[in-house]
Structure formats: C-alpha cells, structure tokens
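A.B. asks: Given next are the chains, with one letter for each unit.
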Amino acid sequence: MSSKDEILRNLRAAAPQEFPKPDLTALKAAAIRYDDVPAQFCKAVTASGGKVAVLESGQDPLALAKTLFPDTDSLTVTEGVFGVAENGCVFLEEPKDRPRADYFLPEALVMILSKDAIVANMHEAYDRLGENVTGYGIFISGPSKTADIEQALVFGAHGAREVAVLLKP
Amino acid sequence: MSEPKHAAAAAAYLKDTAKVDWQDETLWLVRGKRDRLSKELPEWEQLREAASQIKLYSNSHLPELLEQFEQKAVANGAIVHWAKDAEEYRQIIGGLLQDHGVRLFVKSKSMLSEECGLVPYLKSLGIDAVETDLGERIIQLMGLKPSHIVLPAVHIKREEVGRLFEREMGTEPGNSDPTYLTHAARRNLREYFLHADAGMTGANFAVASTGEVVVCTNEGNADMGTSLPKLQIAAFGIDKLVPDRESLGVFTRLLARTATGQPVTTYTTHYSAPRPGSEFHIVLVDNGRSRILADREHFRLLNCLRCGGCMNTCPVYRRSGGYSYSYFIPGPVGINLGMTADPKRHQGNLSACSLCHSCNDVCPVKMDLADQIYSWRQHYHASPAKKVLSDGMRAVMGGPGRFHAALAAAPGLVKAMKACGIQWGSGREFPDFAPVKQQKKIDSLDHEQ
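Line by line, the protein sequences give chains W and V.
Sequential numbering from 1 applies to the first sequence in this note's numbering.
Sequential numbering from 1 applies to the second sequence in this note's numbering.
In short, the hints are calculated from the structure, not lab data.
Ideal Cβ placement from N, Cα and C applies to all residues, glycine included.
Check before you lean on any hint, since a few could be wrong.
Unchecked claim - Across the chosen pairs, the derived CB separations fall in these ranges:
hint, chain 1, residue 1, chain 2, residue 2, range
1, V, Lys-157, W, Asp-71, 30 to 40 Å
2, W, Val-54, V, Leu-194, 29 to 39 Å
3, V, Arg-163, W, Asp-36, 47 to 57 Å
4, V, Ile-79, W, Phe-19, 29 to 39 Å
5, W, Lys-66, V, Lys-230, 31 to 41 Å
6, V, Pro-63, W, Lys-115, 40 to 50 Å
7, V, Gly-427, W, Asp-5, 50 to 60 Å
8, V, Asn-175, W, Arg-98, 34 to 44 Å
9, W, Pro-95, V, Asn-188, 25 to 35 Å
Said to hold, decoys possible - Example chain W residues on the side facing chain V (calculated, C-beta under 10 Å, incomplete):
hint, residue
10, Ser-2
11, Ala-15
12, Asp-102
13, Ala-147
Full structure from sequences and hints, please.
C.D. replies: Laid out in structure tokens, this is it:
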C-alpha cells in the first residue's frame with residue numbers, strides 16, 4: 001500500500017464527527033469598511049513602514065521612485081494589481097519580464113497602484129482573486145522586517161529595505 | 001521514559017529573576033499588541049468563530065480535500081509526495097536533495113522540520129541546511145532549539161547575539177545594536193541565498209481548490225529562498241489544508257494580528273507553479289495527525305495555526321520559559337501536542353497550567369486548550385503527594401460527620417504542622433484560623449432572624 005493510500009485510509013478510519021462548511025456571508029458583510037478607502041490604505045502602508053506618493057498622469061514612475069530613494073540605484077518598479085486598505089498590502093502577480101527575485105533582491109521596491117483598485121479588507125481581496133490560479137501571487141505590506149533581536153523592530157531583514165506605493169489618481 | 005517535570009526545570013529557570021522579568025515583559029508586550037489590533041476589528045469574535053468552523057470542516061473532510069489539493073497541484077506543475085511519518089518525510093527530502101546534487105540548502109522556519117528532526121538528518125547526509133529566519137539562525141548558530149514557535153530567539157539578549165555574530169560573521173566587538181546586527185545577518189545570509197542549490201519552506205495554509213501553498217513571513221527569507229534556487233520544496237502537515245481562497249480571507253486576517261500584533265505579515269506568498277526552469281515539490285505529512293483526528297477528546301488540536309498566541313498569554317509559559325517544557329513546542333498547545341505524541345514522556349508538562357483559560361480566549365481558532373489539559377490530567381496523575389492529598393480530601397469530604405470532625409481538628413492540626421515547619425507549599429504559608437468559625441457566625445445570624 002502506498003503512503004498516500006495508508007494516510008487516506010487512516011483518516012477515513014478516524015471517522016471524525018463531520019462538521020459543515022460555514023457560510024461566511026454574515027462575517028463578510030460585518031467586516032470592517034472605511035469611508036475613505038484610499039486614505040485608510042495610505043495610513044496602513046505608512047504604519048507598515050512604507051511610503052506613499054502620488055503619481056500624476058504622464059509622470060515617469062522611475063524618476064519619481066528615485067526622488068523617494070535617492071541613496072540607492074538598486075530598485076525595482078512594478079505594477080501592483082490591487083491594494084488592501086485594512087493592512088496596506090499590494091497584490092503582485094508573477095513578473096512578466098523578469099525573475100521573481102526582483103521583488104526581494106533590490107534595496108527598494110516601488111509598486112504602482114491605481115487609486116480605484118483598493119479593496120477594504122482581505123475578504124474582498126480574495127473575492128477579487130476568485131479561485132483561478134496564475135502560478136504565483138504575493139501580498140506585500142511595507143519593507144522586509146524583523147524583531148528577532150529583543151523585539152526591536154528593524155527594517156531590511158532579507159527583502160527590500162524600503163518600499164513605496166505610487167498611487168495613480 | 002518520562003522527561004523531567006516542568007516544575008523542576010522551571011525552578012532552575014526562575015533563579016535568574018532579572019531574566020525572568022524581562023522575558024515576561026517581552027511576551028506581555030506582544031500579547032498587548034495582539035489585544036490592540038484585535039480590538040480595531042468589530043468583527044473579531046465572528047472571525048475567530050469562522051476560523052474555528054472552517055478548520056473543523058477541513059479536518060473532518062481531509063481525504064477529499066487532500067485529493068483535490070493533489071489533483072490541482074499536479075495540474076499546476078508541482079510534484080506531490082506523501083509521507084506517513086517523520087522517517088518518510090526525512091527520506092523524501094533527503095532523497096530529493098541527493099538526486100539534485102544539493103550541497104547547500106536554505107530553509108525557512110518550519111515547526112514540522114523540528115518535529116521530524118530534518119536538519120540533523122541532512123547533516124548526516126553531508127548536506128548543510130541553513131536556517132534563514134533571523135531568530136532561527138541565531139538559535140542554530142548557538143546550537144540551541146527554539147524556545148518559542150514564532151519568536152524562536154525570544155530568550156536571547158542582544159549582547160549574546162553581538163558576541164555570536166562577532167565570532168560567526170566578524171561584526172564589531174561590543175556592538176549589540178539590533179539594527180547593526182540584523183543588517184550584518186542580511187549580508188551574511190544573502191551569500192547563502194545566492195549560492196543555495198535548493199530552498200525549502202513549510203506552509204501556513206494549503207488551498208484545496210487551487211493546489212497552492214501559502215507562506216507568511218515578515219523577513220522575506222522564504223521568498224528569497226524560493227526565488228533563486230532551481231529546486232523548491234514545501235513540506236507541511238496535512239492539517240494545513242483549507243478548502244478555498246475565501247477561507248484564506250479569514251485566516252490571513254487573524255494570523256499576524258494574534259501572532260505578533262500586526263495587521264498582516266509583510267509577505268503573504270501563494271506558490272502554485274514552479275518558476276521557469278525549476279522544480280516545485282510538495283510533501284504532505286501525516287506523522288500522527290490522523291491519530292489525533294481519531295481522538296474524540298483532542299481532535300480540535302488539529303485546528304492549530306502555530307501562531308504562538310497561547311504562549312504569549314500563558315502566565316506559566318511567560319514565567320518559566322520555553323525550555324522548561326519537555327516537548328519541542330512549549331506553552332498550552334505544546335502541552336497538549338506533546339501528550340498526543342508520547343504521553344508517558346511528556347506528562348510532566350501537565351502541571352504547567354493554572355487553568356486560567358486565557359489561552360482559550362486568545363486562540364484564533366478557538367481551541368479548548370485549557371479544557372484539554374484538564375482532560376489529560378484525569379488520566380495521567382501528577383505527583384504521589386498530590387494523590388495522597390486528593391484521596392485524603394475525598395475521605396474528609398465524604399460525609400458531614402467526617403467533614404465537621406476535620407473542621408474541628410483543623411486549627412490544632414495546622415498549628416502543630418506549622419510548629420514542625422511544615423507549610424502549605426513552597427512560598428505559601430498556612431493561614432491562621434479565625435477564632436470564631438464562619439459556620440457559627442452564620443448559625444447565629446439564622447438564629448437572630
């Protein structure tokens with residue numbers, strides 16, 4: 001018998017009491033929402049250690065990114081799919097023309113986001129994603145951080161030390 | 001074989017009172033952050049209830065969810081392995097690394113790898129497994145085990161890290177600034193990331209409907225370790241299964257808020273397909289989980305997210321440290337998990353609970369941890385002295401005559417015991433008896449009416 005069959009057999013033999021799948025409609029309706037979603041998003045990005053700047057139409061994102069992080073040439077500028085107001089996350093997909101590592105290796109990560117592509121909370125975020133699989137996806141909120149030495153918060157553990165979101169109006 | 005009792009180990013720990021206070025305050029700080037964050041969400045209790053129900057649903061439907069997960073994962077291009085126990089888990093991973101000629105292996109934090117003794121096994125194969133979470137790396141370089149499942153080096157002082165990094169990474173002598181030391185580790189570990197032949201993660205969640213593995217970290221070490229090498233492994237317990245992405249909405253809102261008091265971890269990564277030119281292997285591990293599922297009193301332990309919230313709130317854990325417990329997971333959930341793994345060996349942890357139930361109230365998936373500890377205690381007896389006392393009390397309370405006789409004798413008896421130097425317990429004196437008994441006062445009140 002393969003290990004798979006043995007595990008499945010043991011799980012069936014355990015015959016646990018069957019619990020129903022809960023309906024999350026009421027929870028999702030009760031979940032926190034904000035009068036000013038972009039303002040809450042900016043607050044959450046800042047709280048997570050990131051910066052927010054407005055990208056005017058026609059403005060060069062790389063030039064703007066460089067004014068935010070003048071001390072480094074090591075930066076990635078990329079398009080975010082959508083943002084989440086409750087925690088300042090930006091959702092990124094598999095990068096099209098470069099390796100995944102470009103999200104993590106540079107000193108600074110700059111994500112461009114449309115102001116109207118911000119959902120209130122993670123329920124809305126996953127509803128927006130649905131169940132279709134694209135191979136890879138990541139929520140990022142602020143720079144890489146750690147508090148593993150005496151609970152002292154330090155930015156730049158392994159990933160980007162600095163993060164900014166450029167909001168398109 | 002029974003391990004030393006928690007109480008004996010804790011007595012040794014308590015001798016360094018300054019460190020005990022510091023540890024207690026550090027953990028209470030994390031608990032405080034959790035409280036503040038949870039109160040920002042009016043729907044917090046609804047979230048906990050939903051999380052508990054989703055876990056109970058998933059764990060009671062594991063065969064179908066696991067098969068669905070495997071089917072989707074294979075369709076995504078991953079290779080799925082099944083391991084019934086720790087040995088098979090070690091062999092699958094060791095075999096994969098050997099087949100790919102891996103010499104340098106970077107891993108992110110995984111309690112399963114601790115549970116199954118992966119790193120020492122790989123060392124015996126000549127494979128250097130480098131822990132990349134900063135806390136885990138500190139612990140690994142010190143030759144220690146984690147003392148907390150989310151904050152593995154929470155018991156280490158910055159000066160100790162400074163001396164360690166001076167020796168291991170050539171940092172400035174005497175510099176123990178956390179920012180300086182963290183950035184030194186960043187430079188040091190980056191060399192390992194860039195040259196590793198394979199990277200491994202555990203999983204926070206595995207989604208049946210999509211076949212994807214979700215990993216949550218703050219440091220980005222899991223992301224670095226999976227973005228560069230040609231071989232990626234994700235190995236996790238079968239209890240990590242959740243039905244769909246909708247349920248991820250619930251868990252990602254609870255996990256970091258409870259674990260570290262953040263609204264979310266910095267990185268919440270969803271892996272489904274391998275990177276171009278690389279392989280993605282998934283290892284599904286039972287190692288006793290199907291046995292827990294069959295246990296009518298303890299199957300709810302499979303709800304656990306390994307967030308560490310019950311440790312930060314536990315008054316016994318906070319003041320006895322992770323190493324006072326004989327099982328590798330300490331605190332309320334560790335007491336219970338140790339009992340499911342080997343009750344004879346880990347029953348000495350059962351006393352490490354005051355039944356205050358704070359763990360139950362904090363747990364994001366509403367495990368009945370304190371009630372389960374109480375339930376174990378009914379089957380596994382603590383000390384012989386306690387048994388004598390319990391049996392004595394049962395005899396005394398067994399009838400009104402015996403009870404009143406004992407009551408009448410108690411003041412004299414206690415006085416005599418105190419005269420002989422016998423006390424109620426260490427640091428706890430017997431009280432002096434009041435001259436007039438409460439019962440007499442009540443009787444006289446009744447009389448007046």
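A.B. asks: Going back to the hint list, which numbers does this structure go against?
C.D. replies: none
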